[in-house]
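Protein chains in written order, with this note's numbering: chain A, 87 to 830; chain B, 122 to 452.
Incorrect hints may appear among the rest.
[Said to hold, decoys possible] Stretch by stretch, here's where chain A covers chain B in the computed footprint (C-beta under 8 angstroms, at least three residues): (1) 263-275; (2) 294-306; (3) 352-359.
No lab work stands behind these hints: they were computed from the structure.
For clarity, every value in this text was computed on a predicted model and none was experimentally measured.
Don't be surprised by glycine CBs; every beta carbon is placed ideally from N, CA and C.
Here is what each chain is made of, one letter per residue.
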Amino acid sequence: MLTSNPSGMPFIGGRFARVDGPLKVTGRAEYSSDYNFPGLLYAVPVCATISTGKITHMDTSHAIKMPGVHEIFTRANIGPLQRVPKHNHGQMILDEHRPPLADDVIRYWGQYVAVVVADTFEQATAAARRVHVEYDAHTPDVRMAMTTGGKTDIDSHRGDTQTGFSTAPVKIDQTYSTPIETHNPIELHASVATWDGHNFTLYETTQSIMNHRRVMAAMLGVPVERMRIVMKFLGSGFGGKLWPWPHALLAAAAARNLERPIKLVVSRKMMFEDVGHRPNTQQRMRLGADHDGRLLSLQQDYLCSTAPNENNKEPCGEATPFLYSTPNLRVTGGLVRRDIAPSTAMRGPGAVPGLFAVESAMDELAVALDMDPVQLRQRNEPKIDESRNVPFSSRHMSECLSEGAKKFGWDKRNPKIGSMREGDTILGWGMASCAWMAARLPADVSVELHADNTARVLSATQDIGTGTYTVLAQLVAEYTGIPLDRITVDIGDSKLPPGPLSGGSMVTASVIPATKQAAEAALHQVMQAATQPGAAFAGTAMDELRVENGRVRRKGDAGNGRSLGSILADAHLDRVSGKGSSKSSSKDADADKLSFHSYGTHFVEVRWQPRIARLRVHRLVTMIDGGRIINERTARNQIEGAIVMGVGMALFEQTEYDARSGAPINSNLADYLVATHADQPALDVTFLDYPDYALNPLGARGVGEIGLAGVAPAIANAVYHATGVRVRQLPIRIEDLLQSRVSV
Amino acid sequence: MQAFQFMRANSIQHAIGAAAHASTAQQGASVRYVAGGTTLLDLMKLDVEYPQLVIDINRLPLGEVEHTATGLKIGALVRNADLAQHPVVKRDYPVLSEALLSGASGQLRNMATTSGNLLQRTRCMYFRDTAMACNKRQPGSGCAAIAGVNRMLAVLGTSEHCIATNPSDMNVALMALDASVVIHGLRGERQVPIGEFFVLPGGDPQRENVLEPGDLITHVLLPAPPAGTRSHYLKLRDRASYEFALASAAVAVQVVDGHIQHVRVALGGVGTRPWRSPEAEQALKGRAPNETAFTAAAEAALRDARPQSQNAFKIELARRCLRHALATATA
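Taking the hints into account, I'd like the entire structure generated from these sequences.
Spelled out as structure tokens, the structure:
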């Protein structure tokens, strides 16, 4: 378990406040839409009011004459926007490949058909409403129910599931579904685009400045050297801001065409229409077990919706193949086309909806076996990753199960439905396990040491609100001994050494090797300066020296030594700079020999008041096996925030599409419900803190997503325990629970 | 939002005079009064409302709560947050305080006013989206909600033209308190009982109340409650805060010698207007306050409910809500 400083490393593992916290709470942090430049104009898109069909006529003649309007861009005058190939070796990722305004075809409700540029936001908005568009509309297909139509892919396969299932004495065969969920970070997507006639500088809401740079350069037809992306602070993204969206191209094209800075902030309504969502899924689960609960077969056949022209898959089998031991397993996935905008990644893509099905089905199996659900999972704990026949790098799921149960008080659970009561309130106890990938992306990092005893770390990665600024400062502090308040973190700018994108919970693990290497390279230069003739340690071999607390000493010397800065000052060096570069973990020598993942369990208590049909999530105990925790405070914040998001996923979140128009109709924060403060249960999060040294020198993995995985099934399982109602279609709603026969 | 003229009223007569030339005081009015702005500005940004003239009434002397011999006189501009915390409201009209505090958020309650809340507009998603058919917003265009996403919409008082829910919590409490609305207009002052203030949608859903051009709500009057009356507001919704009611109940009950003597029952979240239920009151009057009577009242209150494709559950939810509110108020 995590103690204040388990590693003996002063800057690793403790509770460190965010180094950027003061900037945020005093309003000085500049978010992308905060940038203003002389001559800046505002762009507001015109959105289609059909879901499928064609534009037959567009009249901008009235709108263009309205006060303050500079230009209205349509297909006719937006200028060149290139299409990037769908297959480009992951170099240019985006989820909507069609450049905006490329043709007259409408493929989803809210698609941009024009963009108005005016002196003020209000003028542009008023004029956008006056652009008159006529359509030839077809009937959209936005049905949520899906049937297998096209081909399905086999994501994972071992043994013979057909025989394994059909001969199993205990079977579960159920279908689970999750709705379309829309990312709702408080910060809206925004672009502030500038063009100096030669170079673009784009201030973007992006989780990946380097990918954004490559995509925008290609689509705007300029070399990447003439494209700079800046993103200093993000008001969260949850995956919705991983890849570029059409509004960014509209802003950049308008800046190019008018040679003026352009600001485009999408509305909350457009957040539901134009910048992605998690697609709905439908998953048939077939589990077969013997009477002792040993899994004989596990099948997951999932479908997810995708836009007419894209093949964005929600890989629901992400965590399935290695979660449990079973000789027979098959995961298949298929796409079903709907007239809905392109989907994208949302926190824990694939695993999060996938685990709702897997872990709900496991609970149903436990009920069918009359076995405790914790015991069922312990019984099926695998010794190796059976999908690849390789050992786990570091897996402590069994401890997550046993310690979580102990902390929660699970042994007091009466499995009988509706049996646990407090007055008029029925308590429901449920649990679920979770897992998420662990990997490193390539990373370049520079570390500078300055003569004033400060340091600076540079990398073109970004902090999406998770704590990357703080973690990078901690790493430099750890490797140089320079305290946190003397370290500047310079990220969020594509002119810096290329760093990793912020997705997949990979940034922390990715930057550790490169930062270590860069810090050591910089320290090496200090040592060279320290040992050169006339310097403080002249005549001493470099390997006779050591660095501690930002000072250089001879080994075994009790003296105070010399500060790094004073050595540089003596050598008339303003600064030294070290470079670090690390590869993707897929290129590691043992990449094929180990299975890297994080694990966890959630134990939930819900409270059900049948008299008033009120369900609330009361408390959660969560165990996370996420490698070494670098910053206990920011990590806990990630897990707790994810759990609250999980409460929303379980009980509230669902984007609803109007069947006739195809519009996402609850496109605002009053009608699309997310968890409020009052919905937050008491949270008790524990990090096991076992380092995973096969992934990086500090043994860190990542904790951005795993906290969401498993929450919804744990809640659904608790709801079943309280009410006897098994909800297989999220979100769990009052109308489902009114079916409960449990009374008080 | 479309461009508009803005003026500040310096007297009630000034406001009325400036507003009186409009052709309607209902949906699409060319003149609108603005107080807290929590509904109007929203709808103007959505182009659902597009007044040419907006009259700011915040400087009018209508911000006081007066405790009179006959009850309470609440100024039109009293903020929801202040009204909810007013000591006499908390003591004599707890149903009103509870209703106000169950609505919106702290920030909104600091802005929203008593008269503004009386005129709070429906949250029907089709009303709020100008791309959709809506008879309330655009008479004759049809009702997209009836065959659409209608989980939140009304089951009582609907018509084939409109099923929009009145979303207010405060108004439901006012129904249970026999409030009346003081209106100043071109022809002077009049008092309208709250039960007559709101009109059913029928074939004319753009009309929501009795207000005519120039009419300015100046006060809400609450009579003193019958001695020993206990009142309660219960709101049921998906999440714990900041959501409109799926079903709510406001009850005021006076029990004398073990029998219900005076009773008022109103429901929220289920009606096209704040829904007073004389049927439920009839079922309770003279009866002992017990589960049998509450069940009979709940059945009576929802007897005429007509569900849509997604909101049949509201009927059972409203029944449970009313039973529990009555049980709480008489416990």
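Hints versus structure:
1. 263-275: holds (count 5)
2. 294-306: This one is violated; 0 residues, fewer than the three required, reach chain A with a Cβ under 8 angstroms.
3. 352-359: Since 3 is at least three, the answer is holds.
The structure fails hint 2 only (numbered hints given earlier).
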